[in-house]
Amino acid sequence: MPDDPDWQPTKMPVIQSISTDNSTKQFVHAIGFLVARNNVSFKGLKLVGNANPTVRYYYPITREDEALQGLDVSQCYFIGEKNSAPIQGAIWAHGGGTHVDHSIFYGCKNALLLFKSITNFSLTNSIISGSYEAAVWFGPYESDFLFRNNVVTNCEYFWLRAENTTPNYTFSTSIIAGNAHYMGFFGPKGAIEANETNQITKGVKKSGTILLSEVKTNGLPIDYLNLLPQSDGYDLKAGIFKTPKP
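FYI, in our numbering the residues of the sequence shown are 1 to 246.
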């Protein structure tokens, strides 16, 4: 795992699909992992996009059954490249108990797609960067959720919700900065900016300079796609490490 003393990026298992479309549920698309039971965990994995040019919609982790509970994703990378190996939605999960912690979503068209029977959801200590549709799509929810110590930047929309709704979301201790739009609606014609919002923010910054550790001439740094020490939000301890590397 990333916090082990001898961990290196080269030791992280990499999951890449080159599958053709393998599901017709709702519409034709490709799935990496289909979660079909309760209490499933993904930890310490790097999931990248689908390089098959015939696939339009690829979802690395999907849970279709809204009666299921318990989906933990921790210390994982989701990295898409829209020109060659895109990710339509990193995690597309109906049902309850979806917990995402210390994970990084980079270049995914959408990071989280949650629509039906949402209960006991949490997103903590994670980074979402470069989602060129939205960081989060969120349907009707049946209990409060936890959103804390996250960094969301360089996205088209931060959050999309159902049309004609003004839910009382609470977002805490995070940086949501450098995005084209903040809140919007999802509908049959795509995203629409929402002027009326009803969310509660506690310690959320909507401006700042976000700096990520990225590949340069020396190859893959051990902290790649994590926040640099000089970045705004570094103190949130968002990213792949629960204990920052020295």
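By construction, these hints were calculated from the structure, which means they are not laboratory data. Built from N, CA and C at the ideal position, the CB exists for glycine as well. Mixed in with the good hints, there may be bad ones.
In silico DSS-like pairs for lysine-lysine, Cα to Cα no more than 30 Å straight-line [said to hold, decoys possible]:
1. K205 / K82
2. K43 / K11
3. K82 / K46
4. K202 / K25
5. K242 / K189
6. K11 / K116
7. K216 / K46
8. K43 / K189
9. K82 / K237
10. K82 / K43
11. K46 / K11
12. K216 / K205
13. K46 / K206
14. K216 / K242
15. K206 / K216
16. K206 / K11
17. K82 / K206
18. K189 / K216
19. K189 / K245
20. K116 / K245
21. K43 / K216
Per label pair, the in silico range of CB-to-CB distance [to be verified]:
22. K202 / L228: 19 to 29 Å
23. P167 / K46: 16 to 26 Å
24. A162 / K202: 20 to 30 Å
25. N218 / N195: 41 to 51 Å
26. P140 / L220: 37 to 47 Å
27. V215 / N195: 36 to 46 Å
28. E66 / A180: 40 to 50 Å
29. N218 / I192: 23 to 33 Å
30. Q230 / D65: 26 to 36 Å
31. P5 / A191: 17 to 27 Å
32. D6 / K237: 13 to 23 Å
33. G219 / A180: 27 to 37 Å
34. P188 / M12: 33 to 43 Å
35. L220 / G139: 17 to 27 Å
Hint-by-hint comparison with the structure:
no.	hint	verdict
1	K205 / K82	holds (28 Å)
2	K43 / K11	holds (13 Å)
3	K82 / K46	holds (17 Å)
4	K202 / K25	violated (38 Å)
5	K242 / K189	violated (40 Å)
6	K11 / K116	violated (36 Å)
7	K216 / K46	holds (20 Å)
8	K43 / K189	violated (36 Å)
9	K82 / K237	holds (28 Å)
10	K82 / K43	holds (24 Å)
11	K46 / K11	holds (10 Å)
12	K216 / K205	holds (29 Å)
13	K46 / K206	holds (29 Å)
14	K216 / K242	holds (25 Å)
15	K206 / K216	holds (28 Å)
16	K206 / K11	violated (35 Å)
17	K82 / K206	holds (26 Å)
18	K189 / K216	violated (39 Å)
19	K189 / K245	violated (44 Å)
20	K116 / K245	violated (38 Å)
21	K43 / K216	holds (27 Å)
22	K202 / L228: 19 to 29 Å	holds (26 Å)
23	P167 / K46: 16 to 26 Å	violated (33 Å)
24	A162 / K202: 20 to 30 Å	holds (24 Å)
25	N218 / N195: 41 to 51 Å	holds (46 Å)
26	P140 / L220: 37 to 47 Å	holds (41 Å)
27	V215 / N195: 36 to 46 Å	holds (39 Å)
28	E66 / A180: 40 to 50 Å	violated (31 Å)
29	N218 / I192: 23 to 33 Å	violated (44 Å)
30	Q230 / D65: 26 to 36 Å	violated (44 Å)
31	P5 / A191: 17 to 27 Å	violated (44 Å)
32	D6 / K237: 13 to 23 Å	holds (21 Å)
33	G219 / A180: 27 to 37 Å	holds (32 Å)
34	P188 / M12: 33 to 43 Å	holds (39 Å)
35	L220 / G139: 17 to 27 Å	violated (37 Å)
When held up to the earlier numbered hints, the structure conflicts with 4, 5, 6, 8, 16, 18, 19, 20, 23, 28, 29, 30, 31, 35 and fits the remainder.
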